[in-house]
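Spelled out from the first residue to the last, the chains are:
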Amino acid sequence: MKVVFHLFLQSATLGRKRAFLTIAAIAWGTVAILLLLSFGEGLKQQLGKNSRAMGENIGVMWMSETTKAWKGMNPGRPIRVRIDDIPLLASRLPELESLIGEAIQWRTNLTAGKKTVAGRVKGVNYPYGEARKQYPVAGGRFLSPLDEAERRRVIFLGNELAEDLFGRDDPVGQTLLVANAPFTVIGVMQKKTQMGAYAGMDKDHSIVPISTWKALFGRPTVNNLVIRVRDGSKMKDAIARTREVIAAKYGFDPSDERALPTWDTVESQKINQNVSTGIQVFLGIIGALTLLIGGVGVANIMYAVVKERTREIGVKMALGAKAGWITGPFVLEGLSYTLVGGAAGMLIATLLVLGMSFIPTDGNKVMEFLGTPKLSLPIGVATASILGVIGLLAGYFPARRAASIDPAATLRYE
Amino acid sequence: MSSRQEMTRETTPPASGRPIIEMVGIRKVYDTGKVQVEALKGVDLRIEKGEFVAIVGPSGSGKSTLMNLVGCLDTPSGGDYFIGGEKVAGLSRDQLADVRNRRVGFVFQAFNLLPQISAFENVEMPLVFGGVPPKVRRAKVAELLERVGLGDRMDHKPTELSGGQMQRVAIARALAMDPDIVLADEPTGNLDTTSGTDIMGVFLDLWKQGSTLVVITHDMALARRASRIVEIRDGRIVSDRPAEQAA
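Just so you know, the protein sequences line up as chains P and S, in that order. Mapping of the first sequence onto my numbering: position 278 corresponds to residue 277, and the numbering continues sequentially without gaps. Mapping of the second sequence onto my numbering: position 241 corresponds to residue 242, and the numbering continues sequentially without gaps.
Think of the hints as simulated: they come from the structure by calculation, not from any bench. Some clues are possibly wrong.
[Said to hold, decoys possible] Among chain S residues calculated to face chain P with C-beta under 7 Å, some are:
#1 Asn69
#2 Ala98
#3 Arg242
[Unchecked claim] Here are the simulated distance ranges between beta carbons:
#4 Val388(P) / Gly51(S): 52 to 60 Å
#5 Lys50(S) / Leu8(P): 45 to 53 Å
#6 Ala140(S) / Leu338(P): 34 to 42 Å
From the three backbone atoms N, C-alpha and C, an ideal C-beta is built for every residue, glycine too.
Could you put the whole structure together from the sequences, leaning on the hints where they help?
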């Protein structure tokens with residue numbers, strides 16, 4: 000090894016321009032792979048955040064019709080869970096964090112002052128706020144148990160609906176007519192980037208206590224239920240168990256899944272996660288290929304160097320250099336170009352990523368969706384190891400060529 | 002295991018009475034795929050310690066092949082070759098490299114100095130390969146360069162030296178490991194007459210100091226200075242006679 004180092008330090012270095020170009024190619028490849036990977040990471044985090052914006056560990060269960068005969072009853076019977084049954088059902092499902100009824104009235108006239116908007120009014124049980132991430136802007140609140148128990152005329156607004164109705168004024172405390180009945184606005188939802196949705200986006204809806212809703216619109220049944228569990232991995236069991244309890248109450252086959260079609264968001268988040276991991280792997284492969292091209296550049300240059308130094312190698316062999324002492328300096332040289340280029344690329348990429356993290360995501364639709372690139376330790380480790388492998392290979396193959404040189408042949412002629 | 006072998010080799014001097022170079026029925030066939038070219042067709046050659054042998058012959062006679070074999074740059078296709086009593090056949094590439102390093106010093110027609118390093122570093126190279134410690138190395142290189150009259154040019158690069166000076170550096174390099182034999186291939190071929198005579202003088206000095214020399218040459222003036230002239234033609238030794246000493 001000492002001999003290899005001695006020779007490496009002594010061996011002619013590449014022409015400055017060639018070395019620079021080679022190193023630049025590796026730096027470029029490193030920047031490419033790092034940026035692509037950190038874009039992938041940013042996208043993954045943002046997609047995850049966005050897909051969780053509707054709520055975590057929740058399932059949505061819609062009311063539908065039976066598809067199986069049950070105890071003498073024909074299939075095709077509609078199943079409608081009654082608002083008043085929800086406390087009973089919830090008491091039979093202690094494994095759930097919460098069981099929430101959601102009743103929806105579409106295109107209801109909402110009037111604030113002189114402005115009327117046709118909006119969507121949902122009646123829900125109060126745990127909906129936590130489950131569906133209806134976080135209020137400071138100064139407001141979501142529905143409370145008392146609102147529900149006392150059938151208060153209070154309303155919580157999605158942020159865009161609030162803006163449509165009240166403009167820039169603070170809606171909290173103001174009166175809003177819902178189908179000509181006066182309600183007090185108690186809160187406005189914080190802005191969020193929502194990916195998954197059913198029955199419209201949260202920013203456009205308005206929410207009242209489900210008891211008030213029933214009295215106002217005179218319909219006793221829910222449109223759907225929202226199930227929340229403490230532990231996402233128990234979601235499947237929770238859905239099956241909920242269907243069983245409802246089937247017992249409303250009289251249908253508990254195995255009739257289509258009577259209560261269900262959206263398991265835990266499952267779809269898992270799929271989302273896989274998709275974004277897939278995207279990241281794909282971006283990583285593209286980056287690695289770019290880097291590989293840089294590596295081929297290094298190998299190419301090293302081949303040229305081996306060819307140029309053929310006689311020199313022959314002389315060293317004649318003087319008693321072993322094969323390893325011939326190959327060692329070439330491997331080191333290829334490796335050092337790669338590592339210098341890689342370090343430069345990492346520095347550039349880090350600066351770029353840091354710079355981009357100052358671009359605000361708010362208010363920029365694309366950035367809200369894509370997120371900003373994020374560098375992480377695994378990305379760095381992955382890039383460094385790819386660089387190392389490429390560097391070794393870029394040095395190794397030319398070095399092997401060098402070691403295969405026949406000293407007798409190189410020394411025989413001028 | 003190999004280190005033990007090396008140790009025994011180094012501690013065992015060449016068996017007394019055995020020649021430095023001993024070739025018996027050496028054949029060398031170059032297989033170019035379609036045609037087989039027999040460059041050496043059974044060569045017997047013994048060179049004793051302290052001899053100064055000139056190998057002469059027209060081009061294509063097998064001179065260069067013989068030199069490669071003597072210098073362990075190549076292995077014979079048939080026959081037995083012992084250098085310093087050590088059997089060369091069957092050695093691996095690295096073992097051959099080791100034999101070259103310890104037993105053979107090369108001097109080439111084209112000097113073959115490494116252009117980007119100094120005269121000092123060029124002479125040091127075989128010592129590096131031989132695993133000689135840096136301190137010993139430095140002293141040895143300085144002594145060798147003094148000996149060839151280049152004590153004041155140690156830090157010069159080969160490009161800053163004349164042809165004759167370059168060949169002196171090459172000779173110093175050849176002597177670095179105190180080889181059993183110095184093998185020179187047309188050492189004066191690239192030099193003008195004055196430098197050629199000069200280098201010839203260096204070789205004669207070496208011989209007088211006890212080195213074993215083998216010179217391959219066209220230059221009959223140089224060949225006549227040798228103690229023995231071996232003439233090779235068409236892959237065979239056609240004459241092997243003592244040279245009449247002119248001096």
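Structure-based check of each hint:
The closest approach between the C-beta of Asn69(S) and any C-beta of chain P is roughly 4 Å, which is under the 7 Å cut-off, so the hint is satisfied. Interface hint at Ala98(S): satisfied, since its Cβ lies 5 Å from the closest Cβ of chain P, which is below the 7 Å cut-off. Given the 7 Å rule on beta carbons, the hint for Arg242(S) is violated: about 27 Å separates it from the nearest Cβ of chain P. Checking the proposed 52 to 60 Å range against Val388(P) and Gly51(S) shows it holds: the Cβ atoms sit about 55 Å from each other.
Separated by about 38 Å at the C-beta atoms, Lys50(S) and Leu8(P) break the suggested range of 45 to 53 Å. The hinted window of 34 to 42 Å between Ala140(S) and Leu338(P) holds, with their beta carbons roughly 37 Å apart.
In terms of the numbered hints stated before, the structure departs from hints 3, 5, listed from lowest to highest.
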